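Asks: One-letter residues, chain by chain:
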Amino acid sequence: MAAVTLLKARRLSKSFGGVRAVQAVDFDLREGEIRAIIGPNGAGKTTFVDLLCGRIAANQGTVEFAGCDITALAVHRRVRLGIAYTFQITSIFANLTVLENIAIAAQNRLPERGGAPFDAIETLRRVGLGGQENRRAGALAYGHQRLLEAAMGLSLNPRLLIFDEPTQGLSDGEIQGFCDLLADANRSTTILLIEHNMPVVMKLARRITVFDRGRVLAEGAPRDIQDNAAVQAAYLGQ
Amino acid sequence: MNFAPFLFLASLEGLVQAAVLCLTAVGLSLVFGVMRVVNVAHGEFFMLGAVLAWWLASLTPGHAAFGFALALVIAPALVGAVALAADRLILKRLDYRPEATIVATIGLLYVIQQTALLTFGPDARPVEAPFYFRVQFPWFGYSGHKLLVVAAAAAVLLAAWYVIAKTRIGLVMRATRFDRDTARAFGINVHRVYAAVFAVGAMFAAVGAVLVVPVRQAHYLMGLDPLLLSFIVVIIGGLGSIRGTVVAAILIGFSDGLISVFFSPTLAKMASTLLVALVLVFKPQGLFAVQSR
Amino acid sequence: MKHRPAPPDLKAAALFVAVIAALFALQFVLPEYHRLSVTRIMVLAVFATGYNILFGYTGLLSLGHAMFFGAGLYTAGLCAYHLGWGVPAAFAGGVVAGALLALLVGCVALRTTGVSFMIVTLMFAQVAYLATLYFTAYTRGDEGLVLPQAARSFEWFGASVDLTDPATRYNLSLLLLVIALAAVWGVARSRTGRAMVAIRENEPRARMLGYNTFAVKLQALIISGALSAAAGAAYALLFAYIGSSFAAIQYSIDALLYTLLGGPGSVLGPVLGAFLMFYLVDVASQYTSAYLLVTGVALILLVLYFPRGILGTVKHRWLPWLP
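Residue numbers (the working numbering), protein chains in the order written: chain H, 1 to 238; chain P, 1001 to 1293; chain D, 2001 to 2323.
Okay, chain H solo, but in the shape it has when bound (with noise of 0.2 Å):
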């Protein structure tokens, strides 16, 4: 696979009233890649992608995607240039079927890029919620509306797609699946999660980012990652 860059962050910072959330952090992530970023509570991670998908406002430096600097893009603008990003708390619509949350979000999914054209019931049975599309989606299981989110991101056809810690509160066996959704997704879209289960990602990632105190500590192959003392002594090791 050609290394296309497509995400790169340049000394992006936030801070909260005095407290650095995100310190000048590079990032750079290639189309295709799974990447994990890993780090302890409080190290910034969510704010982090957050930033990069444009919930929040950077106080200082850029992000380009595919080549474009989107550092003042709207959220809706970049989700439209094919960032899909999906809540660490699930937040679905609720009151309505499953069928029509995925048919919200297929609304604005970017151009097919060959493969077969959009099909809402394939996509609900691809990730498990096969014959569950009439029901109301906050009558669903925990776990399905987990599913429900991930689909629903699908449904977008992204060129990145940003999990914030997806496998919380799933079941061993979901979490199988989820892993098995991912992996499938992967074949067309580039993902970046944030992860704690360290089996999924060790599993899934090909490349893992470790932060800690708002900065980037370490970065490499799941091994290296393992095997690097200060990540040990920053998160594994405790």
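One thing to keep in mind: the hints can contain errors.
[What the hints assert, rightly or not] One side of the interface only, derived from the structure: several residues of chain P facing chain D at Cβ under 8 Å:
id : residue
1  : Leu1147
2  : Thr1266
3  : Leu1267
Hints are computed from structural coordinates only; laboratory data are not their basis.
All values reported here derive from a predicted model rather than from experimental measurement.
Just so you know, even glycine gets a beta-carbon here, dropped at the ideal spot from N, CA and C.
Given chain H, work out where chains P and D should sit, using these hints.
Replies: Leaving out everything else, chains P and D in the frame of chain H:
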């Protein structure tokens, strides 16, 4: 002609206006600050206070001061009871959801106002002042009652400040205001605090109304003006900030009369309402609120 | 992408046709007094239908829709009275004025949400109401204006339409209602309608799915304002009277109440709500001058026990295909 007496008189009138507005607006602000409830029926509590004052005064034989004193004690208590019932029967059941409570308090506005019309009638009723003592200034004599209004309002506000800032009750209120869930975790009965605050907020308006009703008259539609003015004061002063509310009430109470001298009252109302809407959009923390952080 | 199967739409269309046919037939059986009442109700139902676009579908609770009704009423009425505009031009002018006011108000008020939005719209409407009093030289304020005889009829493709004829008025207001309902149904099923519902249900999520939520809300407000203004303009021209009370807060509350009672977010809900509430108040006013008590009690009971309204509850419990 000498301008000073005129200015002095205008200031006195402004002071009376500001004192009553202070009481009414602080009630509204207290309810919003602690409960996050925008009480559209607040003006009706004011009206109810005035109407009850007329009723109580008309029942009381003898010197007008007795009736007035009686009204000053009983009318706010009755208004507080009505507010308490409204909290229990309506607001609590809505779990104090902000948008639902606004719609419900609009309903409450109609219910109170129309009930007053049914029982009290459509006529404006005068209430006799407790005394006709006039304070003699070098240029003119001035109603002693109006000065009493100012002094009483100041006393009530000082007492309120003392309770909120210095007592355990105030601490509980401030804790509830800060974070309802944390307050609950510390064993505070949040619903009881809310009920009390809603009742006390209404009583502030009622006290203001009883004080001022000898100067104005009791009428079932009189709640609208204090409601709009209180809204203006609370928004300008910063939503839920008591200190900002007092500053804004004094400022607006004073300027209201002066503005009307230069502009048509309708134009002045239009301009101030528009200004307030813009403040709410562009500076929702108000113009005088002390930064909370 | 695949859409839902046709039957629900067919049922909904059949229901529309039935309702419209029933309203049309009603004019032949109703006594004069009630025929006039229903004429008024249908215009008010258009107003509530406009309100429903914003509140029922987009989830924005405005307390100031009287300003849009008033914008239509006054633009149409004043143009007919002072400038001698014909009925069609005055009506069109009213609708355009409502849409423009909505654009203007939206650019400011839509920066706020929830409670602040409610208060800001309330205050803007209060300013508009005061304006009708301030410019009393043109509007004659509370006392109002009666439109001249010239504004009571017009030529339409060679046919002459007489607005003093009760049957003509009835059918024109029915026509306006049909157009408004068709507009809402069309919007509800469009891409914009879907975006509006997404915003109502979960605005942050809608934004994260690529929707420009501000633009969608502004569109909703403009459609809503234009429909409300159409109702106002029709009211002025059909009944030949304009006055400040039509721009007062009472009318904002009425639009909310009709929608809340009938069922926010259902196409026919506001129509049903307007009918029931109008007659409830009408009956109450025969017994007491404090008839607004009904409004207050209804608001409280609806919010407490019946937040989906009548058709909303029916749709939720029994008939999910209901439009």
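Asks: For every hint, state whether the structure bears it out.
Replies: Each hint tested on the structure:
| no. | hint | verdict |
| --- | --- | --- |
| 1 | Leu1147 | violated (33 Å) |
| 2 | Thr1266 | holds (5 Å) |
| 3 | Leu1267 | holds (6 Å) |
Consistency note: the structure conflicts with earlier hint 1 alone.
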